[in-house]
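For chain A, the structure is supplied; the task is to place chain B on it using the hints.
Just so you know, the protein sequences line up as chains A and B, in that order.
The first sequence maps to residues 0 to 491 in numbering that gives the first Met the number 0.
The second sequence maps to residues 0 to 491 in numbering that gives the first Met the number 0.
Be careful, since some hints might not be right.
Just so you have them, the derived chain B footprint on chain A, three or more residues with Cβ under 8 Å [claimed, not checked]:
(1) 364-376
(2) 412-420
(3) 464-471
In short, the hints are calculated from the structure, not lab data.
Ideal Cβ positions, reconstructed from N, Cα and C, are used throughout, including at glycine.
Spelled out from the first residue to the last, the chains are:
There are 2 protein chains.
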Amino acid sequence: MPILPEELRSSKNEAPDHGQRALAEITALLRRHLLIEGLAREQIEETPLDELQTSLLEGVTVQHSLAELREQLNALHPADIASLLETLPLNERLYLWDLVRADHEGEILVEVSDAVRGSLISTMDTEELVAAAETLPTDEIAALAPDLPQEVIDDVFEGLPIEEREHLRAAMSFEDDMVGALMDFEEVQVRPDVSLEVVFRYLRRFDELPTQTDQVFVVDRGEKLLGVLPIQVLLVNDEDKLVGDVMQPPPVVLLQHEKADEAAAAFERYDLVSAPVTDTNGKLVGRVTVDEILDFIREHAGEEALAHAGLNEEEDVFASVWKSFQNRWQWLAINLVTAFIASRVIDVFSNTIAGLVALAALMPIVAGVGGNSGNQTITMIVRSFALGQITTENARQLFRKELLVSLLNGLIWGGVMGVVAFLLYHDLALGGVMVLAMTLNMLLAAFMGVLIPMIRVKLGRDPALGSSVLITACTDSGGFFIFLGLATLFLT
Amino acid sequence: MPILPEELRSSKNEAPDHGQRALAEITALLRRHLLIEGLAREQIEETPLDELQTSLLEGVTVQHSLAELREQLNALHPADIASLLETLPLNERLYLWDLVRADHEGEILVEVSDAVRGSLISTMDTEELVAAAETLPTDEIAALAPDLPQEVIDDVFEGLPIEEREHLRAAMSFEDDMVGALMDFEEVQVRPDVSLEVVFRYLRRFDELPTQTDQVFVVDRGEKLLGVLPIQVLLVNDEDKLVGDVMQPPPVVLLQHEKADEAAAAFERYDLVSAPVTDTNGKLVGRVTVDEILDFIREHAGEEALAHAGLNEEEDVFASVWKSFQNRWQWLAINLVTAFIASRVIDVFSNTIAGLVALAALMPIVAGVGGNSGNQTITMIVRSFALGQITTENARQLFRKELLVSLLNGLIWGGVMGVVAFLLYHDLALGGVMVLAMTLNMLLAAFMGVLIPMIRVKLGRDPALGSSVLITACTDSGGFFIFLGLATLFLT
Chain A
0 MPILPEELRS
10 SKNEAPDHGQ
20 RALAEITALL
30 RRHLLIEGLA
40 REQIEETPLD
50 ELQTSLLEGV
60 TVQHSLAELR
70 EQLNALHPAD
80 IASLLETLPL
90 NERLYLWDLV
100 RADHEGEILV
110 EVSDAVRGSL
120 ISTMDTEELV
130 AAAETLPTDE
140 IAALAPDLPQ
150 EVIDDVFEGL
160 PIEEREHLRA
170 AMSFEDDMVG
180 ALMDFEEVQV
190 RPDVSLEVVF
200 RYLRRFDELP
210 TQTDQVFVVD
220 RGEKLLGVLP
230 IQVLLVNDED
240 KLVGDVMQPP
250 PVVLLQHEKA
260 DEAAAAFERY
270 DLVSAPVTDT
280 NGKLVGRVTV
290 DEILDFIREH
300 AGEEALAHAG
310 LNEEEDVFAS
320 VWKSFQNRWQ
330 WLAINLVTAF
340 IASRVIDVFS
350 NTIAGLVALA
360 ALMPIVAGVG
370 GNSGNQTITM
380 IVRSFALGQI
390 TTENARQLFR
400 KELLVSLLNG
410 LIWGGVMGVV
420 AFLLYHDLAL
430 GGVMVLAMTL
440 NMLLAAFMGV
450 LIPMIRVKLG
460 RDPALGSSVL
470 ITACTDSGGF
480 FIFLGLATLF
490 LT
Chain B
0 MPILPEELRS
10 SKNEAPDHGQ
20 RALAEITALL
30 RRHLLIEGLA
40 REQIEETPLD
50 ELQTSLLEGV
60 TVQHSLAELR
70 EQLNALHPAD
80 IASLLETLPL
90 NERLYLWDLV
100 RADHEGEILV
110 EVSDAVRGSL
120 ISTMDTEELV
130 AAAETLPTDE
140 IAALAPDLPQ
150 EVIDDVFEGL
160 PIEEREHLRA
170 AMSFEDDMVG
180 ALMDFEEVQV
190 RPDVSLEVVF
200 RYLRRFDELP
210 TQTDQVFVVD
220 RGEKLLGVLP
230 IQVLLVNDED
240 KLVGDVMQPP
250 PVVLLQHEKA
260 DEAAAAFERY
270 DLVSAPVTDT
280 NGKLVGRVTV
290 DEILDFIREH
300 AGEEALAHAG
310 LNEEEDVFAS
320 VWKSFQNRWQ
330 WLAINLVTAF
340 IASRVIDVFS
350 NTIAGLVALA
360 ALMPIVAGVG
370 GNSGNQTITM
380 IVRSFALGQI
390 TTENARQLFR
400 KELLVSLLNG
410 LIWGGVMGVV
420 AFLLYHDLAL
430 GGVMVLAMTL
440 NMLLAAFMGV
450 LIPMIRVKLG
460 RDPALGSSVL
470 ITACTDSGGF
480 FIFLGLATLF
490 LT
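Excised from the complex, chain A in its bound form:
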């Protein structure tokens, strides 16, 4: 049905919020409802029997507000409901989850973040979970599987036709960061020896083509991938031509065991909408679409940002205190050990400090500025590794550049602090020690800021994880040692 221009225009003039306002409205509705419900419940508890009629009236109001909430909620796109659930504290989130239409539950579970998914699944029984999973295509069931109880997976598996069972088994066998985990099985396949007209007729038999179908895949009898037929090529060519004559070599062929971030880089570089996935024998097994890549990149970038601070995984902001504690304690414990070592370094020089207490006041400057400078270096190096701009081979040039930047920073800011220290304590030697210590600690920061991620990449580890804690450990202990060591040499 055509939409009237007026309708479209009015909806556009209001606000380009892509559903943000609808979400805010439902949140308001939810809170109003919870308030009404809470009031009604209080009343029922306190109401003497003769006022029951009033309380029944209140009951009608509660029912009405609930119905309104439910209706507005289920008018939303499942992706919008997912994003609404993300923003709600646990109690409100679970209240709303109960009101969601059963046939949307599966899709919403796929859309929400890991942390929120866990909270939703924990309220559902086996039957509900099986029903929710069964509304999904196999690749999405596989994505949910790690969070589902085994008996749910078994039940779902039993209910699938043979071919889809195989798909599910295949999809579940891949790690999160493999192409196989992003793959779906909705690719459209055609043979090279049919005419474009036949392809057109074949496509018309679909009620709806799978989403993000920008090309169909040309395969032989053994399902070996021969080429791709972009829909655009199909559209601009004569219907009599054969598929084999107009098909193109695929710009990218992914392997199911490949790393997903290489696939993401290929999508970005070649501006793809979909790409075929084959096994090592060249047999077409599925396809990856750009919407999955978009989700992957967004999630991955988030993990990188969190990893710097030593947070292991996506933590739900409204997660329980206990869960948050578990996510954070390891790197705090590591930090405690490194801080303890730094403390022992200071303790070695306690006589020096006892002789000149100004040292105790100045030493955190040396350590702190070094830590900040090191954090800048390590953040940039980690980022460049992620972008593939550097490899462990151009190490020498990086070291040279970072050391020079630090030397410059050290001399300038060290010089400034040296003058300040001289003015404060009227001690020229102290000022000199300050300049030297700051410069040396910033050089150490640069050196370790390049070395730490390099070593971790060589070892095949994530260079970002806890990088902020590690670099600070070096610049604290190192800074105290350099500063107090120099002070012991030159000031006592």
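Below, chain B alone, put in the same frame as chain A:
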């Protein structure tokens, strides 16, 4: 032309590297060539006249190696050349840039990062730049424009037909983070009163449809957007039907002045390949495609990671020392000021420290662990703001949760360090002060870790920028004050 299955298979079995190997080969070739060239030059300088013949032979080798390099380089996809240039140090990068085919230069300039683009443009004269820009569609010229000298822009502008001049002027008027900056003008428009057959015929007249065309846009005579006609709908419907009868309301309509990250969220949420862009009157002005969104998200995520450490913009890892210094000095200077304040806090308590030097050794533990804990909190809060999971409205719950997590961490780790301090210094009161100070400083860290990004969001600023420096400032000065203050109260 059909590709033989054998060809496809052999290319697939080798390595699923999506051009990585080709890039490595060219890098090797480049380095070999530079070596040969260097040797040849040395020889010419040192060669007596009678050995000129040999040296000429060497010259042939140089020419040959150069030709090979040039050929292999220009066989690459421009996006691959761009990514190759990113990984090379400045001298090698510029050497290679000289060898790139002129008609690829424009596309490569669009693909590389801001920092690398600057280095490439600085070697080109006006004429070369104009030639490069003229190979591009207007939306990409606009993307380059901020890095081009004004006279280049003027020249390019003069060379454009009237309609494209308007497009360029429009595209250049948007900020980097607006939808208008991501928009292109290659949308295909149709009228509602024509049949699908007419649309088919219209599409066949294109040699090639614009990339990522998953839908055509239905407009009236005034170019007002009436709806969209997905190619998939076009394919599965009868050719006799009218566009107006099968067109759909667009799932998302973007406005040109909207924030690009809202557009990105809409693409992610609704799995879009393209979306129409209108002005405030509903007139279709362009479209945004998912490849632009992919680039935007990738860049944006990088900026967020860098912002934490107080790096203002994407810094080329091989940038000059001076440029790197400029990018980093501001936050280092801020850090210097905050470290100085922390130092003054310590100085206030110099008598307490003189009385008990152990305090000087223990105080960095209190400050350091608080800083790390605060960094975890602020990183998570900033991340959640970016994902739209929290708003300044759910502040109370967040404060409550973060304070509880910190209380738990503070009591546990503070307790551990209290015992350690007692064992080291045989001073029960010192142990008690340690527990109390660590707990209080971690509570401060949690409070500021939520408050700082909240305030910045309220002020409309980027919550990530320098967040690591700011939180450390609080936990350092705060930690020293709390610890030394408690020590003064209870230990002297």
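Status of the hints after comparison with the structure:
Counting residues of the region 364-376 of chain A whose beta-carbon sits less than 8 Å from any beta-carbon of chain B gives 9, enough to reach three: the coverage restraint holds. Counting residues of the region 412-420 of chain A whose CB lies closer than 8 Å to any CB of chain B gives 4, so the stated coverage by that chain holds, three being the minimum. Beta-carbon proximity to chain B at under 8 Å applies to 3 residues in the region 464-471 of chain A; the threshold of 3 is reached and the given coverage holds.
Taken one by one, the earlier hints all hold for this structure without exception.
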